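S.K.: If you want the building blocks of each chain, they are given just below.
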Amino acid sequence: MSYRKNALTLSAGALALVTVLSACGNNNDDTSSPATSPSSSPSASAASSSASAAPAGLDTSKHVTLQFYMLGDAPKDLDLIQDEINKMAEEELNATVKFNFTTWTDWDQKYKLLLSSGQQVDLLFTADWTQYQAYANSGAFLPLDDLLPTAAPKLQEFVPEDMWEAVKVKGKIYTVPATYKEYVTNGFVYREDLREKYNLPVPKDLATMEAYLEGIKQNEPGMTPLAIDNVTDNLINPLRELTDHSVGAKLPYGIGIKYESPNDVYSYWGSEEQLSDLNLVRSWAEKGLFAKNVLNQKELSGDLITSGKAAAMLGDNPTRYNDNNMKMQSLHPDWKLGYTPYAEILGYATPVHPIHNGFAIPKNSANPERALAFYEKLVTDKRYNLLTQYGIEGKHYTVENGYYTMIGDSSSNGFPREGMQGWAWRNPEYMLFDQGYDGVKAIFDELDKVAKPDLFTGFTEDYTSYQPERAALEQVEKQYFYPLYAGLLSDVQAGIDTAMAKAKQAGLEKIQESYKQQWLAYTAEAGIQ
Amino acid sequence: MKIKEEKYSGLFKWIAYISVALTTLLCLLPFLLIVSASLTRNEALVREGYRLWPQEFSLEGYRMIFKFPERVLHAYGVTGLTTVVGTLLGLFFITMAGYVLQRKDFRYRNVFAFLIYFTTLFGGGLVPWYILFTKYLKLTDTYAVLIFPGLMTPFLIILMKNFIRSAVPEEVNESAKIDGAGDFRIYSRIVLPLSLPGIATVGLFLALGYWNDWLLSSLFINDTDMYQLQYYLYNVINTVSFMASMGGNGVSLGGSIPTESMKMAMAIIATGPILLLYPFVQRYFVKGLTIGAVKG
Amino acid sequence: MIKRNTFLREIVTNRMLFLMLIPTLLFFVINNYLPMVGIYYAFTRFDFSKSLFDSDFVGFENFEFLWRSGILTRLTLNTLGYNAAFILLGNVGAIALAVLVSELKLKWFKKLSQSVMFLPYFISFVILSVIVYNIFNYESGFLNTLLKGWGLNPVDVYSTPWVWVPLIIFFYLWKNLGYSMVIYLAAITGISDEYYEAAKIDGAHIFQRVRYITIPMLKSTFVVLLLFALGSIMKGQFDLFYQLIGNNGMLYNATDILDTYVYRSLKVTFDIGMASAAGVYQSLFGFALVMIVNTIIRKINEDYALF
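Residue numbers (our numbering), protein chains in the order written: chain U, 1 to 529; chain S, 1 to 296; chain V, 1 to 307.
Hints are supplied without guarantee of correctness; some may be wrong.
To be verified - Restricting the straight-line Cα-Cα distance to at most 25 Å, the calculated cross-link-like pairs of lysine-lysine (BS3-like) are:
(1) Lys148(V) / Lys7(S)
(2) Lys168(U) / Lys50(V)
(3) Lys170(U) / Lys107(V)
(4) Lys197(U) / Lys181(U)
(5) Lys382(U) / Lys363(U)
(6) Lys510(U) / Lys107(V)
(7) Lys363(U) / Lys181(U)
(8) Lys76(U) / Lys67(S)
(9) Lys76(U) / Lys395(U)
(10) Lys138(S) / Lys50(V)
(11) Lys98(U) / Lys204(U)
(12) Lys200(V) / Lys7(S)
(13) Lys172(U) / Lys154(U)
(14) Lys516(U) / Lys98(U)
(15) Lys172(U) / Lys107(V)
(16) Lys135(S) / Lys363(U)
(17) Lys98(U) / Lys258(U)
(18) Lys452(U) / Lys363(U)
(19) Lys13(S) / Lys105(V)
(20) Lys13(S) / Lys148(V)
(21) Lys287(U) / Lys217(U)
(22) Lys181(U) / Lys516(U)
(23) Lys110(U) / Lys13(S)
(24) Lys62(U) / Lys172(U)
(25) Lys110(U) / Lys110(V)
(26) Lys7(S) / Lys110(V)
(27) Lys138(S) / Lys62(U)
(28) Lys452(U) / Lys336(U)
(29) Lys267(V) / Lys309(U)
To be verified - Beyond 10 Å from chain S on every Cβ pair, some chain V residues (computed):
(30) Leu21
(31) Lys50
(32) Arg74
(33) Ser124
(34) Val165
(35) Asp202
Unchecked claim - Across the chosen pairs, the derived CB separations fall in these ranges:
(36) Phe280(S) / Ser465(U): 57 to 63 Å
(37) Thr145(V) / Gln517(U): 51 to 57 Å
(38) Asn219(U) / Leu104(V): 53 to 59 Å
(39) Pro154(V) / Tyr136(S): 38 to 44 Å
(40) Gly527(U) / Pro154(V): 55 to 61 Å
Note that these hints are calculated values from the structure, not bench results.
Computed from a predicted model, the values in this text were never measured in an experiment.
Where is the CB? At the ideal position from N, CA and C, for every residue including glycine.
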């Protein structure tokens, strides 16, 4: 009985001491995966690498210290890098910067506190998965439209116009998007060596995937054919992408929108589509193609694959596939993973949306102009950029044959590649890659050929009018739909009926209607047909 | 004491030994499972589950946490320091408060007890508390903020009050007063020595609170050299899980990341030293100690 | 005016006692009372561009999400039920263990068992949930491996809601018994030996001594534990439920408590107003309960009342 209560523990669950470990496991779709080819840099007009003075319109008469906040852990040699950066920034902008890191422990709570407490934060990382739009919408960030021309003209020019457009919320720019183009699109991941061994079909679509899984089940009884650590990310969302051409994996409230008909909004929950998807899931469950207790699964899907416990994943992105493959081969040289991008089935792939990585200036910034000018340096000035992405050349890394090579190993190196999680200020012109990433680059090159824009991520939902219903619906999905997602109920139709009845009670129709209005307004404004 | 076996005492002895032994075993088994898992290769753990004996021995979990050993030691240092200083200071304040609140001649003792207890019922939540400490008291990156919030809890104060009341008979208090001893003198010379089991208990709980704390580091510490142990360990694990789930940091890591065995190793590392505290506290749970002191 | 005078007189006569209480009062004013302005968040619409008291007052709008789902009653009853079991079984278990341990004569065994019983306290629920999953998962769990070995059918524990009621209570006890036992052990240590000697002379055997001396002497400690537990009866043990049950909606009817519901509801939005509203609901509930129970206790025996 721990009676150790502070004021802080009194404030209900949302602010309770939520165990950190749970938060990080399942970031499948919403986590950026870094690195790939610089082949496709979308315009890089400015970007001189020589030392340059501050922009003409900027007042640098007073010395300032900027508070910079990034997610994740600080690299060990951060102080070294910070000193180097400050030497330059002091001279060129009359500013010094303090690099702060939130760590991955409870970062979302800290994020909230940083923005709501009124303390000085001059630069803050933003992404769709850190609720960029919601924060921008509720006034947590400063609009940058008027600041850019005076404080960071070079940066304004460097980022293409269509990207500035894409990050706008209510017609204003609130973040500086990253210009590096990458894909976090899904693909089948499967054990290629087992496929060869048992002469199973190559998973090319759902039917061949199913045949592959059944083959594994037959020949390797000790294995779980399909790895799932999260029923939505690893099962339902990839499935919906394939069968229903869902416009975005994170469509909420049981809403359905197809990529090819973005103006047709329907209720996926309760539809024939859902019934057939869930029947398929149920049949897989009955055949034992995935573990029975997936709702309580503790290990990551990647671990299940690399340890040889499971054979395949329904959907994973190219970078992580490549990483798992290398990881696995270093321990089991005779094992091999295969990959089939969904693009081969769907006929298109969407690169990450500009909102996916960016930096904003919070409302409480003490020096917005200088902060933006500094960020311009970080992106466009080669010295700043290389230093903060890769560390000090000769100490932390070397460049061999155009490839990035780490000096020492992860325990002796004080600043590994992208050690500051600098995804947002990657400059495609300066980027250095590890040789192991050639495999990902090859996939990205293929995806580039069928690239189409992400229609979904730019949408900003305003849920203030249906907050209570939203909370109630969240509960309904977890309680009544999740068991269906996990294939636990024998009567799928009855399960859907119950869930729908509960969802309607919770206010499903009100939410869906309001969402639909907002969505249609968005597509009309963005000119999406 | 060579008298005949007392009625039922044999039966009682059997009940006592058997049930305590069973409970002990129940508490020990999962712990052994964790020790074993922390010494198992991660891959075997994921594939075959947990065993009481490592199926494939490996220290990779510990190695990952001790990647930068000086940092772990540093974090031990911070936690050790805050635990010692916080516990001593907290004990001083709590015993004083407990003593005052149990004094029958202290007219407003119930009002104050209520004011203290009230804080367990209502709280303003995390945000205003955070704002107060960062914006107004400016305690970010100080040892003070790692110590202050854990100094006392209403529960420990009331518990202390109870311990003192049952350990110090009212008459002792009165006779000391007649002898002309001041309140503080009675507290320091008579009440404290008599309340040792209570002090040991409350001290143990205070120390556990400091030892297990990670939230204060999480909220108020930016300087990596001031992280408490638990927070440091959580960060190592979260960083590794994050990297595992997002696919490296652009570098081929060469070898698997021991996500599972690392968690178990962390549990062991975090528990280790504080266990030594308990036997020390136990010394005060010997019957007769207090009564002897009163008579003497 | 008279009241004021007595207060002043009290300060003068007992100035040393006031002085000794000041650090504590200061602590609670800073750490608890000042931040209490935050309760007002529960009645406003949170806005980053406004300070707390400039924000729009919205009355009870933030409370709506609690009853909107239609399961507030169930959540409340679940929370109360589990906590009642924790309080009851926790205290009975702790008292029983403390009595038994205190009577052990073998020194090494007594010390060792106490230390070992404290071990679970250090195991976080995250770690525990991994262990539990390894015991109960359907395909390769320890339990089913055992059942299959005996030629029995495997059981699907994670799809059987009722099993989790005793399981959750068990794991709560498992983790916390060592901790609360120490409190009672310390209290038993404080009981004067003279009582026991006198009882022995009167011919009372050991069960009678426990029943008529030890147990009554632990009453005041029990009341303290009880009142503190009642105050937070609508809260607490979030990690236990969240880690063991997680996203398994199959089990929610039997295992969902207010804290887990609020957490899931607000995870994405993180709305401060709604979180505060839930906190206020929990606090009021606990407050009412404690006031009633404390008044009853005061009627029975003033010494035992908290305030």
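S.K.: Output the numbers, in ascending order, of every earlier hint that fails for this structure.
M.R.: 1, 3, 4, 5, 6, 7, 11, 14, 15, 17, 18, 20, 22, 23, 24, 25, 28, 29, 30, 33, 39
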